[in-house]
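Engineer: Working from the sequences, and respecting the hints, build out all of it.
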Amino acid sequence: MKAIWNGVTVAESDDIVTVEGNHYFPEHSLNKVYTTFSNHRTSCIWKGQAHYMSLLANGDMKPDAVWYYPEPTEAAQEIKGRVAFGQGVQIVE
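Start counting the sequence shown at 2; every next residue gets the next number (my numbering).
Please note: incorrect hints may appear among the correct ones.
Straight line, CA to CA, 20 Å or less: simulated EDC-like cross-link-like pairs of lysine to aspartate or glutamate [stated by the list, open to error]:
# : residue 1 : residue 2
1 : Lys33     : Asp65
2 : Lys48     : Glu72
3 : Lys48     : Glu21
4 : Lys48     : Glu28
FYI, nobody ran anything at the bench for these hints, they're computed from the structure.
Structural biologist: So, in structure tokens, the structure goes:
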């Protein structure tokens with residue numbers, strides 16, 4: 002699968018975990034050339050605290066488009082070391 006935004010492939014992998022309709026890619030598959038810092042955080046009662054990154058490609062920025070759980074709860078260990086993408090990032094097989 003590929004995650005595509007603004008004409009570039011930001012991640013690609015065959016090792017995908019799907020949770021609540023979101024496709025989690027291995028963190029190492031994320032092309033960090035297209036990411037930039039975000040201090041945005043959210044909390045999920047069963048997954049833990051999500052950290053975010055923004056995407057920057059072809060001169061455009063998509064704030065908080067990538068999220069990950071650096072320390073997921075015991076119930077969400079399958080997404081440890083993985084990233085997911087927000088609305089507007091196309092996921093294709």
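Engineer: Each of the hints needs a verdict: does it hold here or not?
Structural biologist: Here's how the hints hold up against the structure:
1. Lys33 x Asp65: Status holds; Cα separation ~14 Å.
2. Lys48 x Glu72: holds, 9 Å
3. Lys48 x Glu21: holds, 11 Å
4. Lys48 x Glu28: holds, 17 Å
Every hint from the earlier list agrees with this structure, and none is contradicted.
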